[in-house]
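Chemist: Residues per chain are reported as follows:
Number of protein chains: 4
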Amino acid sequence: MAGSTFGTLFRVTTAGESHGPGNVVIVDGCPAGLPLSVDDLVPDLLRRRPGQSRIVSPRNEADEPEILSGVFEGRATGTPIAILIRNQDQRSRDYGDIAQKYRPGHADYTFDAKYGFRDFRGGGRSSARETTARVAAGAIARKLLTLACGVRVLGMVDRVGDVVADLGDPADRTLEEVEANPVRCPDPAAAERMEHRIKEVRKSQDSIGGSATLVATGVPAGWGEPVFDKLRADLGKAMFSLPAVMGVEFGQGFGVATARGSEHSDTFSSDGPRGIHTLTNRHGGMLGGISSGMPIVLRCAVKPTSSIPQDRPTVDRAGNPTTLATRGRHDPCLLPRFVPMAEAMVLLVLADAWLRQRAVGGVDAIRLEEASEEAEK
Amino acid sequence: MAGSTFGTLFRVTTAGESHGPGNVVIVDGCPAGLPLSVDDLVPDLLRRRPGQSRIVSPRNEADEPEILSGVFEGRATGTPIAILIRNQDQRSRDYGDIAQKYRPGHADYTFDAKYGFRDFRGGGRSSARETTARVAAGAIARKLLTLACGVRVLGMVDRVGDVVADLGDPADRTLEEVEANPVRCPDPAAAERMEHRIKEVRKSQDSIGGSATLVATGVPAGWGEPVFDKLRADLGKAMFSLPAVMGVEFGQGFGVATARGSEHSDTFSSDGPRGIHTLTNRHGGMLGGISSGMPIVLRCAVKPTSSIPQDRPTVDRAGNPTTLATRGRHDPCLLPRFVPMAEAMVLLVLADAWLRQRAVGGVDAIRLEEASEEAEK
Amino acid sequence: MAGSTFGTLFRVTTAGESHGPGNVVIVDGCPAGLPLSVDDLVPDLLRRRPGQSRIVSPRNEADEPEILSGVFEGRATGTPIAILIRNQDQRSRDYGDIAQKYRPGHADYTFDAKYGFRDFRGGGRSSARETTARVAAGAIARKLLTLACGVRVLGMVDRVGDVVADLGDPADRTLEEVEANPVRCPDPAAAERMEHRIKEVRKSQDSIGGSATLVATGVPAGWGEPVFDKLRADLGKAMFSLPAVMGVEFGQGFGVATARGSEHSDTFSSDGPRGIHTLTNRHGGMLGGISSGMPIVLRCAVKPTSSIPQDRPTVDRAGNPTTLATRGRHDPCLLPRFVPMAEAMVLLVLADAWLRQRAVGGVDAIRLEEASEEAEK
Amino acid sequence: MAGSTFGTLFRVTTAGESHGPGNVVIVDGCPAGLPLSVDDLVPDLLRRRPGQSRIVSPRNEADEPEILSGVFEGRATGTPIAILIRNQDQRSRDYGDIAQKYRPGHADYTFDAKYGFRDFRGGGRSSARETTARVAAGAIARKLLTLACGVRVLGMVDRVGDVVADLGDPADRTLEEVEANPVRCPDPAAAERMEHRIKEVRKSQDSIGGSATLVATGVPAGWGEPVFDKLRADLGKAMFSLPAVMGVEFGQGFGVATARGSEHSDTFSSDGPRGIHTLTNRHGGMLGGISSGMPIVLRCAVKPTSSIPQDRPTVDRAGNPTTLATRGRHDPCLLPRFVPMAEAMVLLVLADAWLRQRAVGGVDAIRLEEASEEAEK
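Residue numbers (our numbering), protein chains in the order written: chain X, -13 to 363; chain F, -13 to 363; chain Y, -13 to 363; chain A, -13 to 363.
Hint data in this document are derived by calculation from the structure and do not stem from the laboratory.
Wrong hints could be hidden among the right ones.
No copy is singled out in the list; a pair is fine if it fits within one copy or between any two copies.
Straight-line distance between alpha carbons at most 20 Å, and here's what the computed DMTMM-like set of lysine to aspartate or glutamate pairs gives [as the list claims (entries may be wrong)]:
id: 1; residue 1: Lys87; residue 2: Asp257
id: 2; residue 1: Lys189; residue 2: Glu249
id: 3; residue 1: Lys185; residue 2: Glu249
id: 4; residue 1: Lys189; residue 2: Glu178
id: 5; residue 1: Lys189; residue 2: Asp302
id: 6; residue 1: Lys87; residue 2: Asp297
Can you make the complete structure from the sequences, with help from the hints?
Modeler: The following block contains the structure:
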């Protein structure tokens, strides 16, 4: 079991390398009846796609998904939905050089250490290409959560290098604001500076890191499990399963290290239309790992891509010193395309949490007790 | 499935509340033959225990573990090891006030929202008491990893409020340095200031946050899976499954947001006794989610405990405004006792990763090919 | 992962050997609110217990369960329920002889082959003692299914050696009929002959096999999954996971080998109060692995216990020929005590199937489509 | 989670309906280095295929598998292997009639009850078409087990209606004997009578049941887990997950119901080249659920296909009485094509058991103890 399955009830299994015939995802557990077609998958796949703007990789991947099963007459049947996205425009000749050399910051060496050899035609299974399958699955989760629960998940770039965006309350940001610029930063002034910085970095044959904020609104109180499968834990795993993520924080995040209990804990209130809620959201939407009904807010730190065209020292498979410059067409900054990938993972976690809560929630305890008393007579 | 099981092959299942009869853990998958007795569990349980110093909760929990199964004549039999740790000194009268009121920052409200009611005698399943079971299981993983692989896992407090420790290279720190003071910070000067700060905070009826660094050394290259079950993802989940963790970062962590690719990627080298390795460890010991052979380094941000004896506004179950001061005996700073809990979770993840790698690793590909050629003749 | 966990959502994990301190079970996933106390566990544990009649093992096991967690003020809290049943009256001296010799028909040799050594004080993990934990968990499933769904599960002995019972329609049999005699056979005339045969066999220092029928009524149509997790497959696994089960069949069972399609398939009808149903039940209550609303009917073949006090040839651990007679107090026929064990496993499978169906069932497809159309405007 | 995943470490996930674009399987956990190509999949797929002889369904399914991932330069990479087998020659017009009517013996009604509607163009997910994916995965398991362990799995028809084969010791039968006739019965005389009976039944527009024996040789002692994941239990689940299986038995099977302990238990011996083994194999190759080193022998009862062209009474979706004759091209006897399907499932279980045993087996207990003593000094 090479770790290619995610989720307990809304369960996603992926396969595929960057330079093989294609990527496949099987979504097992989508409730029957969900209206679904290829058109539902395309928008998020387009957002994830390289070549969509001048600040991301210029590779041209068509990313046309084919639904192979699980949908009949426009609705999910309840059986597994398999989606195939064939690879195109692979130009594997770009990568020939790396068969024997270890790219710094890449998984070449660790794959060799684990498996004894590797598909050296690219990132293989550790390539961001693999996230295509996740984004397709996430689009199904999005439709399900939107229609059935009114949950909305939105990601946005909050930082590129030294440029920090002012997001205001991130739960107030809109998809339109995010998609208004190629950086996917809803602060237009910051977005412009970020775009400038990315172009600058690309010109200097380098890359740059940053961070993104993810927000889920509409999640009712009560999703997530108390101990190992805390919603926070599953979201944390989901984020860290994405390439290049080096840090994850919820709500006040690392800021809690300097906080006092008297100032960190959010005050409960019950005025307003939302029933019981907290007046502030330093807790990030989960308490004890269970959703509180407040927006779920998390942040991810994303490293600068290790694929840069500079000559750098490294070693080959035999351990001999050598140098290597990564050719190929890579993103100078991963953040713009990270946003839809991260949204997909949040959506998968939430769809799973929703189904898990449906399984045990709402068993009518009163009725059980009455039945119990009845039975004892 | 209330999320009480962790791990694929080294699989831990826990049960127990803070104020019930006791906590239980079943460790399923420990290889047969491991020398094991209650004595192996005690040291880590003592480190986790309240009442061990003047800067942690003064509760007196004996924490005497009983091994109920899976060990025969001093060795693990390969069958599940069940451990029972009975609760003592519960003083549930301390908690009576919270049956109807929601403590700020606690899971009272979210448990009610999820389950319809809750065991109001304390934190129930979201209490740090639950981690006793994890620490007992982690002690088994520790013994296994130490004896079989030479893996060592050590945690240390690196920050309490504004006091930041100088850890040097955290992989060089020792258990003796960590245990030399009640804060579990191996920088003695910082430890003293931290202890002072914690006492100060307690006097002002408040609590304070901080952060801890965890290091695993001796992990060979090749552990972890490429996609969803990246070692980084499983460690991230493990950390976020602990109470009060609001942020997790690996290696350079959130620092990558301002880094360039040319400066972040660690350079491979092969001189020295370790074979292929990197000259620096900004990547934190995993590349592509698979261990690189370098020390695994991660940091956790831990919030100030929400249990403080100040009167604070909140609401009751009906949504009516009220006030509440958490009585009882709580830690003014969670960090000292967080260290053994976090070590336990790192150990559980690594024991699991080791077994998973044993399952598929070392299948002799050359032999398979020869057998294949032989078969075709 | 030594295979000690069963179920996806109603998830049971057991630990414990026949001669260790006790057996433990953790039930994770019981919906909150279920009225529950130790009294609910006792009846089935008493039915499983040795020493209850003159035709079963005379061992005296008190089997007093202690609920360690997950129940508060008489109701399940939704968190894991741990139950401890301590071992008593173990008389391990009875077993001393088998430390070096392999009992025919027992798992001594296979445990040694697997683990390198074994707890030789009895059957260890392969002892029927382990089923105590299952029966306790099954009692929780029984209460849940009874109160929430009206499902009833009943087992009965249908054969002991050459004595075959006339069950009529097994779905019409009652607990009272089953418990009316120590054999647990609801055909009183057959029961008497069975009891006679068992005593006869015991006198001749031998043991005898038989079979049991299990019936679940009240299961609505729609439980179970279409492919690998067919309800039939999960029930089959559950039965074969019990000690001594050598065959399992559903409905017409092995009788289908000589059947024609025109005569095997049950005819659908919709008259009567049950809506759509079949006129006969040769299919055994599941079609395509999914429950049909008809009674679920299965049969298990149970081998004669291998523990007989005759001297028999075998080998010791070194492979040297020797002889061995199993001392100790064993059941001359496993069937009477097999009934509650098998009921427990059927109950666990059904509780799991119910929760799994709750997770995905009843998503209102019409509402989703309206929401979908609304969203497109 | 609609039950589309099978296995813990050698994990298979399938998707696909009989009349959709195709069937997909993802094999996650195949060890790196296994020589593998499409040619390895073809032989078993051809054996499973309709249209291969005059006694099976005349449908023409090309069943050309495409490997989409996980294989590089002729070897498995260790990452998931996805295989796509497109559907062809579907003639869905043959099935139009069943959109509104429930075929007796089929899963039409139970799918409707579960999901609210169904893909009525054929058996959908409950069609034997789905087993194509299993057979492709099983072929990978077969190559792995053959090359790495010398395990061989062979199925054979032992009964069709009243015609019973004389298999001798089934562990002595060969693939050549099995494939020597279209029935896949290694007893040539019985095979001829079976073929005759099948043709007869088809002429009378009916179908007929039967049974098959599966044998696995070369499995060393020690595979399988002691309690829920007994090898017997996993094999039982695997068999019952196949369409049309109504009974499964191991070794002496239902014959144990009339056996005495003194005659059922197989005697251990250690003469001969196999080390410790049993002189007979009534236990069917597993003791306590763990392999004994003897051949694993099981039998499956397979019902007559419910798809027969006779007019039969049934009801429509609204419950109104109607009649229905299943048109289309169906097998008058499922057994010949059942053999490769059942072999595939046995192979998947054994590959999983092998990996699970690799994970925990062979931890050098002596070395651990020495290390333990060393550590204590």
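Chemist: Against this structure, judge whether each hint is valid.
Modeler: Quick rundown of the hints versus the structure:
1. Lys87 <-> Asp257: Classified as between: cross-chain Cα gap 16 Å, same-chain 62 Å, threshold 20 Å.
2. Lys189 <-> Glu249: between (45 Å within a copy, 16 Å between copies)
3. Lys185 <-> Glu249: Classified as between; 18 Å across copies, 41 Å inside a copy.
4. Lys189 <-> Glu178: So Lys189 and Glu178 pass the 20 Å test inside one copy only (17 Å; across, 49 Å).
5. Lys189 <-> Asp302: Result: close neither inside a copy nor across copies, 28 Å intra and 59 Å inter.
6. Lys87 <-> Asp297: within (12 Å within a copy, 63 Å between copies)
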